[in-house]
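Position one of the sequence shown corresponds to residue 415 (my numbering), numbered consecutively onward.
Be a bit skeptical, because a hint or two may be false.
Said to hold, decoys possible - Derived pair list, reagent style EDC-like, types lysine to aspartate or glutamate, alpha-carbon separation capped at 20 Å:
{"no.": "1", "residue 1": "LYS511", "residue 2": "ASP485"}
{"no.": "2", "residue 1": "LYS470", "residue 2": "ASP485"}
{"no.": "3", "residue 1": "LYS584", "residue 2": "ASP602"}
{"no.": "4", "residue 1": "LYS511", "residue 2": "ASP498"}
{"no.": "5", "residue 1": "LYS511", "residue 2": "GLU525"}
{"no.": "6", "residue 1": "LYS584", "residue 2": "GLU597"}
{"no.": "7", "residue 1": "LYS470", "residue 2": "ASP422"}
{"no.": "8", "residue 1": "LYS470", "residue 2": "ASP514"}
Derived from the structure by calculation, the hints contain no laboratory data.
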Amino acid sequence: MTVAPTADVDERAVIGAGTRVWHLAQIREGATIGRNCTVGRGAYVGPGVVLGDNCKLQNHALVYEPARLGDGVFVGPAAVLTNDEYPRAVTPDGRLKTGDDWTAVGVTIGEGASIGARAVCVAPVTVGRWALVAAGAVVTADVPDFALVVGVPARRVGWVGRAGHPLTAKGDGVWLCPETGAEYAERDGVLIPPAGPDGGPAPVR
C-alpha cells in the first residue's frame, strides 16, 4: 500500500495490499478498499463505502456512502455517485439538517463497469456488470449488464463487451466485439456473454 503524504486516510479505513492513494484524496472511516486499487488526486471515498479489487477512482471522483463497487470498476475524473434522494440543506422549518435528518442511499456498481468523466449516478441506481456510462451522462435508472448509456437522463444506445468497445450487430441477436472477436447473444433485452472453459471470456477465434 502506498499513501501520499497529503492524503487523508482515516485509521479506521481498510486498505488492501498494493493499493495507491494519491495526493489530497480522502478516505473516510469504515471505508474498505480492495487490493491493487488506485485512488486519484482529490478523490473522496465516504464512510463505509466498499470498493472491490483492481478499482480505479480517477482524480476528483466522489463516491458517497453507502456505495458498493465490484471488482475492476472504473470511475472517471470528477464523476459523482450521490447518496441523497431528496437533498435539502435545511428542514421545512428552516433548521440546518444533520446526519440524523436523512437516510443515505447508495449507488451500486457491478464488476468491470466504467463510469465516464463528470458522469453522475443518482442514488439508489445500480449500474450492471461491464456496463459503460458515457462521459457527462446522468444515470437516474438502473443500467443493465454490458449496456452503453449516454445522455441526460442516460439511455441505452448499444452494448459493450468486456474490452469496453461498442459491439457490432451481426444479426439474429448476435453481437461481435471488434477488439477481441468474442460473440455475445441478446435475448429479451439481456446480453449474454460468451463463456470460456473457466467461465470467463471465450477465446478469440
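Checked hints:
1. Distance hint between LYS511 and ASP485 is unfulfilled; the C-alpha atoms sit about 34 Å from each other, more than 20 Å.
2. Our distance criterion of 20 Å between C-alpha atoms is met by LYS470 and ASP485, whose separation comes to about 10 Å.
3. This hinted pair checks out: LYS584 and ASP602 have alpha carbons roughly 16 Å apart, not beyond 20 Å.
4. Between LYS511 and ASP498 the alpha-carbon distance is near 12 Å, which keeps this suggested pair within the 20 Å criterion.
5. Restraint check: the Cα-Cα separation between LYS511 and GLU525 comes to about 35 Å, which exceeds 20 Å; the hinted pair is violated.
6. Simply put, LYS584 and GLU597 have alpha-carbon atoms about 9 Å apart, close enough for the 20 Å limit, and the pair holds.
7. Under the criterion of a C-alpha separation no larger than 20 Å, the hint pairing LYS470 with ASP422 is consistent with the structure, at around 18 Å.
8. Of the pairs offered as hints, the one joining LYS470 and ASP514 is violated, with about 31 Å between alpha carbons and a cut-off of 20 Å exceeded.
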